[in-house]
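Could you put together the complete structure from these sequences and hints?
Under this note's numbering, the residue at position 73 of the sequence shown is numbered 136, and the numbers go up by one with no gaps.
Keep in mind that the hints are not guaranteed to be accurate.
[To be verified] Keeping only pairs whose Cα atoms sit at most 27 Å apart, straight-line, the calculated DSS-like set for lysine-lysine is:
1. K145 - K108
2. K69 - K108
3. K108 - K119
4. K145 - K69
[Claimed, not checked] Label pairs and their in silico Cβ distance ranges:
5. D93 - G144: 45 to 55 Å
6. P242 - E122: 12 to 22 Å
7. G225 - M64: 33 to 43 Å
Because the hints were derived from the structure by calculation, they are not lab data.
Glycine residues also receive a C-beta, built at the ideal position from the N, C-alpha and C atoms.
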Amino acid sequence: MSRIEKTYRQVIDAFLELMVSQPYGRISVDSISRAAGISRVTFYKYFADKEDLLWKCFEHVYLDVSQQVERVDPVTLLSDGKPLTYYVFENIRQNRDFYENLFLGDMPYDFQCRLLDHISRESFRTHELIRSHYAGEVDYVRINEFLAGALFNLIRTLLRDGDWDSLEMAEFFTALVAPGLMQMCNPGK
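Okay, structure coming up:
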């Protein structure tokens, strides 16, 4: 690992540690820099600002999910034998402190918009086979925006209410949205 990669990783790790112990809004670039053992100047060589770091941390924490998720089978609506949202719920459960701090704390509005857009794009990407399997003139972008909003709010509720079984929650989410999704994708049936 190069020195640049090592410093980048130090900042990510320091920020994630701080996210466990204090609300996002109380974390400053100074505190991140101190925790990472670097100067503010060095921080800004790697990140535009704290929100840029937050997004890169999200990508780091979430990367496992995007690598695990295959495209959704248009017949079974499963990805590798499980509902697509299983991987999302499981990642959030495993990184609960990070997500709790965001969803139940003071998530920046720009980050929230960016997150919803990311979920919508991932949903669109992973539902490619469904779009190609079912004919029809459907506004798939709008469907994915709806799914992203529903998932976002369910995540917030789960984090607020306690622990959950990821497979059970994924099956619940799928049972709620699949009939409408299939009706929209295959009108007249």
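Here is how each hint holds up against the structure:
no., hint, verdict
1, K145 - K108, "41 Å, violated"
2, K69 - K108, "14 Å, holds"
3, K108 - K119, "14 Å, holds"
4, K145 - K69, "36 Å, violated"
5, D93 - G144: 45 to 55 Å, "47 Å, holds"
6, P242 - E122: 12 to 22 Å, "33 Å, violated"
7, G225 - M64: 33 to 43 Å, "38 Å, holds"
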